Amino acid sequence: MIPATFLGGIIGPKLAGALGKALPYIIGAALIALAFTLGRCDGVSDERARQRAMTAEANEKATTRDAGAKETASEERATDKATIDAKQKEQVDAIQGDDDAAVRINAACQRLRAAGRSEAALPSACRSGG
48 MIPATFLGGI IGPKLAGALG KALPYIIGAA LIALAFTLGR CDGVSDERAR QRAMTAEANE
108 KATTRDAGAK ETASEERATD KATIDAKQKE QVDAIQGDDD AAVRINAACQ RLRAAGRSEA
168 ALPSACRSGG
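Going by the working numbering, the sequence shown opens with residue 48, and the numbers climb by one from there.
FYI, nobody ran anything at the bench for these hints, they're computed from the structure. Among the hints, erroneous ones may be present.
[As the list claims (entries may be wrong)] Below, a list of computed lysine-lysine pairs in the BS3-like style, where the Cα atoms sit at most 30 Å apart: (1) 134 with 117; (2) 128 with 117; (3) 136 with 117.
[Claimed, not checked] Label pairs and their calculated CB-CB ranges: (4) 130 with 154: 25 to 33 Å; (5) 135 with 170: 30 to 38 Å; (6) 110 with 76: 31 to 39 Å; (7) 94 with 135: 53 to 61 Å; (8) 86 with 61: 33 to 41 Å; (9) 82 with 115: 32 to 40 Å; (10) 75 with 114: 52 to 60 Å; (11) 93 with 115: 50 to 58 Å; (12) 101 with 68: 49 to 57 Å; (13) 134 with 172: 39 to 47 Å.
Since we're looking at a predicted model, the values are computed, not measured. For glycine and all other residues, C-beta sits at the position ideal for the given N, C-alpha and C.
Work the whole structure out from these sequences, hints included.
So, in structure tokens, the structure goes:
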């Protein structure tokens, strides 16, 4: 305890006596506040660790799901590419076939007419009568 005579010279004897009696309670309250604060910090630290663990777990799940989605997308792209390549080959084969000679001649005649050729200057396959 702090001697009342020491405090009495600074703040007065009555206030020093009251402060001397209240000082243990003040120190006790300060210790309780300190213990509460330290305990709360420990709880906050535990909560942060728990949140980090949950974040790591969520990231792992997302990475796994992302890898699966990328693999599925890769397979779908390969299937789509095979389908597109087959259709393009089919289309090229159809264009290059002999069956469409009339279509090619008709397109060539339209180009000649669009270029301004007269009916007499067109090949016989392009003329109205031929």
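Comparing the hints with the structure gives:
As the CA atoms of residue 134 and residue 117 are separated by approximately 25 Å, the hinted pair is consistent with the 30 Å bound. For the suggested pair residue 128 and residue 117, the alpha carbons sit about 16 Å apart, so the restraint of at most 30 Å is met. With a C-alpha separation of about 28 Å, the suggested pair residue 136 and residue 117 falls inside the 30 Å cut-off, and the hint holds. In this structure the supplied range 25 to 33 Å holds for residue 130 paired with residue 154, their Cβ-Cβ distance being about 29 Å.
Checking the proposed 30 to 38 Å range against residue 135 and residue 170 shows it holds: the Cβ atoms sit about 32 Å from each other. Look at residue 110 against residue 76: about 50 Å separates their beta carbons, and that is not inside 31 to 39 Å. A beta carbon spacing of about 59 Å between residue 94 and residue 135 agrees with the range 53 to 61 Å that was offered as a hint. Under the hint 33 to 41 Å, the C-beta atoms of residue 86 and residue 61, about 38 Å apart, fit the expected range.
Separation of residue 82 from residue 115 is about 50 Å and departs from the stated range, judged on CB atoms against 32 to 40 Å. Take residue 75 and residue 114: their Cβ atoms lie about 58 Å apart, and the range 52 to 60 Å holds. For the pair residue 93 and residue 115, the supplied restraint of 50 to 58 Å is violated, since their beta-carbon distance comes to about 33 Å. A beta carbon spacing of about 51 Å between residue 101 and residue 68 agrees with the range 49 to 57 Å that was offered as a hint.
The hinted range of 39 to 47 Å is not satisfied by residue 134 and residue 172, whose Cβ atoms lie roughly 31 Å apart.
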